[in-house]
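Start from the sequences, fold in the hints, and give me the full structure.
Protein chains: 2
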Amino acid sequence: MSQLNIIDRFKQVQDFICKELEHLDGAAKFQEDNWTRKEGGGGRTRIISNGNIFEKGGVNFSAVHGPVSELMRQQLGLNGQDFLATGVSIVLHPKNPYHPIMHMNVRYFQLNTGEYWFGGGIDMTPHYVDESLARDFHRELKKVCDRYHPTFYDRFKDWADDYFYIPHREETRGVGGIFYDHIKANHGVSKSDLEDFAIDLGELFPQLYSHQVKKCGNKDFGDREIEWQNLRRGRYVEFNLVYDRGTKFGLKTGGRIESILMSLPKNASWFYDFSPEKNSPEEKTLNQLKKNIDWLD
Amino acid sequence: MSQLNIIDRFKQVQDFICKELEHLDGAAKFQEDNWTRKEGGGGRTRIISNGNIFEKGGVNFSAVHGPVSELMRQQLGLNGQDFLATGVSIVLHPKNPYHPIMHMNVRYFQLNTGEYWFGGGIDMTPHYVDESLARDFHRELKKVCDRYHPTFYDRFKDWADDYFYIPHREETRGVGGIFYDHIKANHGVSKSDLEDFAIDLGELFPQLYSHQVKKCGNKDFGDREIEWQNLRRGRYVEFNLVYDRGTKFGLKTGGRIESILMSLPKNASWFYDFSPEKNSPEEKTLNQLKKNIDWLD
Numbered sequence: 005m006s007q008l009n010i011i012d013r014f015k016q017v018q019d020f021i022c023k024e025l026e027h028l029d030g031a032a033k034f035q036e037d038n039w040t041r042k043e044g045g046g047g048r049t050r051i052i053s054n055g056n057i058f059e060k061g062g063v064n065f066s067a068v069h070g071p072v073s074e075l076m077r078q079q080l081g082l083n084g085q086d087f088l089a090t091g092v093s094i095v096l097h098p099k100n101p102y103h104p105i106m107h108m109n110v111r112y113f114q115l116n117t118g119e120y121w122f123g124g125g126i127d128m129t130p131h132y133v134d135e136s137l138a139r140d141f142h143r144e145l146k147k148v149c150d151r152y153h154p155t156f157y158d159r160f161k162d163w164a165d166d167y168f169y170i171p172h173r174e175e176t177r178g179v180g181g182i183f184y185d186h187i188k189a190n191h192g193v194s195k196s197d198l199e200d201f202a203i204d205l206g207e208l209f210p211q212l213y214s215h216q217v218k219k220c221g222n223k224d225f226g227d228r229e230i231e232w233q234n235l236r237r238g239r240y241v242e243f244n245l246v247y248d249r250g251t252k253f254g255l256k257t258g259g260r261i262e263s264i265l266m267s268l269p270k271n272a273s274w275f276y277d278f279s280p281e282k283n284s285p286e287e288k289t290l291n292q293l294k295k296n297i298d299w300l301d
Numbered sequence: 005m006s007q008l009n010i011i012d013r014f015k016q017v018q019d020f021i022c023k024e025l026e027h028l029d030g031a032a033k034f035q036e037d038n039w040t041r042k043e044g045g046g047g048r049t050r051i052i053s054n055g056n057i058f059e060k061g062g063v064n065f066s067a068v069h070g071p072v073s074e075l076m077r078q079q080l081g082l083n084g085q086d087f088l089a090t091g092v093s094i095v096l097h098p099k100n101p102y103h104p105i106m107h108m109n110v111r112y113f114q115l116n117t118g119e120y121w122f123g124g125g126i127d128m129t130p131h132y133v134d135e136s137l138a139r140d141f142h143r144e145l146k147k148v149c150d151r152y153h154p155t156f157y158d159r160f161k162d163w164a165d166d167y168f169y170i171p172h173r174e175e176t177r178g179v180g181g182i183f184y185d186h187i188k189a190n191h192g193v194s195k196s197d198l199e200d201f202a203i204d205l206g207e208l209f210p211q212l213y214s215h216q217v218k219k220c221g222n223k224d225f226g227d228r229e230i231e232w233q234n235l236r237r238g239r240y241v242e243f244n245l246v247y248d249r250g251t252k253f254g255l256k257t258g259g260r261i262e263s264i265l266m267s268l269p270k271n272a273s274w275f276y277d278f279s280p281e282k283n284s285p286e287e288k289t290l291n292q293l294k295k296n297i298d299w300l301d
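Residue numbers (the working numbering), protein chains in the order written: chain A, 5 to 301; chain B, 5 to 301.
Source of the hints: derived by calculation from the structure; they are not laboratory data.
All values reported here derive from a predicted model rather than from experimental measurement.
Some clues are possibly wrong.
The list cannot tell twin chains apart, which means a pair is met if one copy fits it or any two copies do.
Unchecked claim - Straight-line distance between alpha carbons at most 30 Å, and here's what the computed BS3-like set of lysine-lysine pairs gives:
hint, residue 1, residue 2
1, LYS42, LYS294
2, LYS270, LYS294
3, LYS42, LYS288
4, LYS270, LYS252
5, LYS33, LYS282
6, LYS218, LYS256
7, LYS42, LYS218
8, LYS42, LYS282
9, LYS147, LYS294
10, LYS15, LYS147
11, LYS99, LYS295
12, LYS42, LYS99
13, LYS288, LYS195
14, LYS295, LYS33
15, LYS23, LYS270
16, LYS15, LYS295
17, LYS223, LYS195
18, LYS256, LYS270
19, LYS252, LYS295
20, LYS252, LYS15
21, LYS42, LYS295
22, LYS288, LYS256
23, LYS270, LYS288
24, LYS256, LYS147
25, LYS188, LYS147
26, LYS147, LYS282
27, LYS252, LYS294
28, LYS223, LYS288
In structure tokens, the structure reads:
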């Protein structure tokens, strides 16, 4: 286990990710907003925009603590008096429709009762699904999972399929990834392993994104691809505002709105009753927004 | 009371509104999609797009009936075995940022137990608030309300302020209007009066919209106004997906998605931590997105 506490390690991960993503972008730099929470703690929101690669993205760190409020008791079923919640959250919206939206969140929660848990995940939302790139993405996630427990990838991959799902569209948000929540030490995985796992995912994130961009290259695109990108971003907005637990909880509990909603794209579109042309790349993508695709096969 | 039943009257209102709005637009025509609901009933969704005035808009009629589902029992607290729900719903998103978004909904619900109620409302969301036009809007709403009950305007205006509110932004959606729900015959207002009130609101709607457009004229706009329009539309999306009861209920109960989400604009934007210039028209608008403004004063 690291000598640093988890809060400092999350801060370092945020620093590392921002540095790597700036390097990849080559033009834009993150702008930082520091904020504090009246009841205790605060965060560092970092936003990148109008870059070579990134149209809009955020890499947020936060560590908040204080008394468990009545709302938290009701919504989260918490029993303790005081809590600490810390984590790193990322959403990247690229300029080029052939580059994917990518999301990561790693978080740690503890109560004064001694209870604690970890949660997190990484998932990818390509505007156009490239099977080979989706497989690369899942393969790298599996490697990190396998370092901690042989069941992690399978369990967390299925969990992501279920979590990043838009029931009213009958679509997954993208090609999935991994998602886990309320995980404690168990089956030979210690608390410090879970902490290391979260840090490893953080360190993996910029590699995953770079790989997608480098293998795809800066492919040409026009109005058609931008319209489709904006339609897919509209679905992303629907997921985040209607289903994402973190977003909903943040909105209800008066979290810092601009940090919560940094996940939304600069532009999104809704076209009435859009249906893609037969055998088009857009139709092919829609057919791959399903649960239970084995991306390792 | 009309000889027609309320379903036929709502259909006629839809026809009237579409004809008037097409006339105002001068270019675009509504496209109709008829749909049926497996459990009973259906609707006529009519969409206008790429017009002179309207970038995207919908005027929907529906009349659905059937057994009260377990979900309806839970979500709506209904007691009967069978229900009928019918209504007309409109959202208009104009091309010109100086023209307002306008919404209307009038609806009637009944159970086989004999219980029934009316709900509805009209509210306006200018991208740029023009006080004189907001006053005209409220004055016309008051006239119709006053024909039915002296308390209607005040009650329903306050109700709209509370309903069309975005708590996480601490903003109203626009300049409000009127909203009412679960209204039955009472205080000398009969059931047939409530039906006539709904129809009158429907007939008023195109007049209200025409007035806004004609008084404003086709004012010039550029990139700045379009960016602001898209930001305001982003707020509209936030309201509809996070708070609007009809939208949430529709998504949960497997309603026809394209009819429910026709309320969303063609384009919307999210800019991180946007704040308008001091004394700009954008700042002036933000200052008027508050509850309890007396627009008749």
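With 30 Å as the alpha-carbon cut-off, assign the pair LYS42 and LYS288 to within, between, both or neither.
The answer is between: 29 Å across copies meets 30 Å, while 48 Å in one copy does not.
Cα distance capped at 30 Å. Does LYS42 pair with LYS294 within a copy, between copies, both, or neither?
between (42 Å within a copy, 25 Å between copies)
Alpha-carbon proximity between LYS252 and LYS295, which holds within one copy, between copies, both or neither at 30 Å:
both (23 Å within a copy, 24 Å between copies)
Cα distance capped at 30 Å. Does LYS42 pair with LYS295 within a copy, between copies, both, or neither?
This pair counts as between: shortest inter-copy Cα distance 26 Å, intra-copy 41 Å.
Between the shortest in-copy and the shortest cross-copy C-alpha distance, which are at most 30 Å for LYS295 and LYS33: within, between, both, or neither?
Neither. Shortest intra-copy (36 Å) and inter-copy (39 Å) distances fail the 30 Å Cα cut-off.
Within, between, both or neither: LYS256, LYS147 at alpha-carbon 30 Å:
neither (37 Å within a copy, 37 Å between copies)
As a check of your reading, is LYS223 near LYS288 (CA-CA no more than 30 Å) within one copy, between copies, both or neither?
within (18 Å within a copy, 43 Å between copies)
Indicate which option fits the pair LYS288, LYS195 if close means a Cα-Cα distance not exceeding 30 Å: within, between, both or neither.
The answer is neither: 42 Å in one copy and 53 Å across copies each exceed 30 Å.
Go through the copies and call it for LYS42 and LYS282: within, between, both or neither, with a Cα cutoff of 30 Å.
Between copies only: 27 Å across chains, 54 Å inside a chain, cut-off 30 Å.
Intra- versus inter-copy proximity for LYS282 and LYS33 (alpha-carbon distance at most 30 Å):
Answer is between: at 27 Å across copies they meet the 30 Å cutoff, but 41 Å inside does not.
Quick one: LYS42 to LYS218, C-alpha cut-off 30 Å, is that within a copy, between copies, both, or neither?
neither (43 Å within a copy, 48 Å between copies)
Within, between, both or neither, where LYS270 and LYS288 count as close if Cα-Cα is 30 Å or less
both (25 Å within a copy, 23 Å between copies)
Checked against the numbered hints listed earlier, the structure breaks hints 6, 7, 12, 13, 14, 16, 17, 24, 26; every other hint is satisfied.
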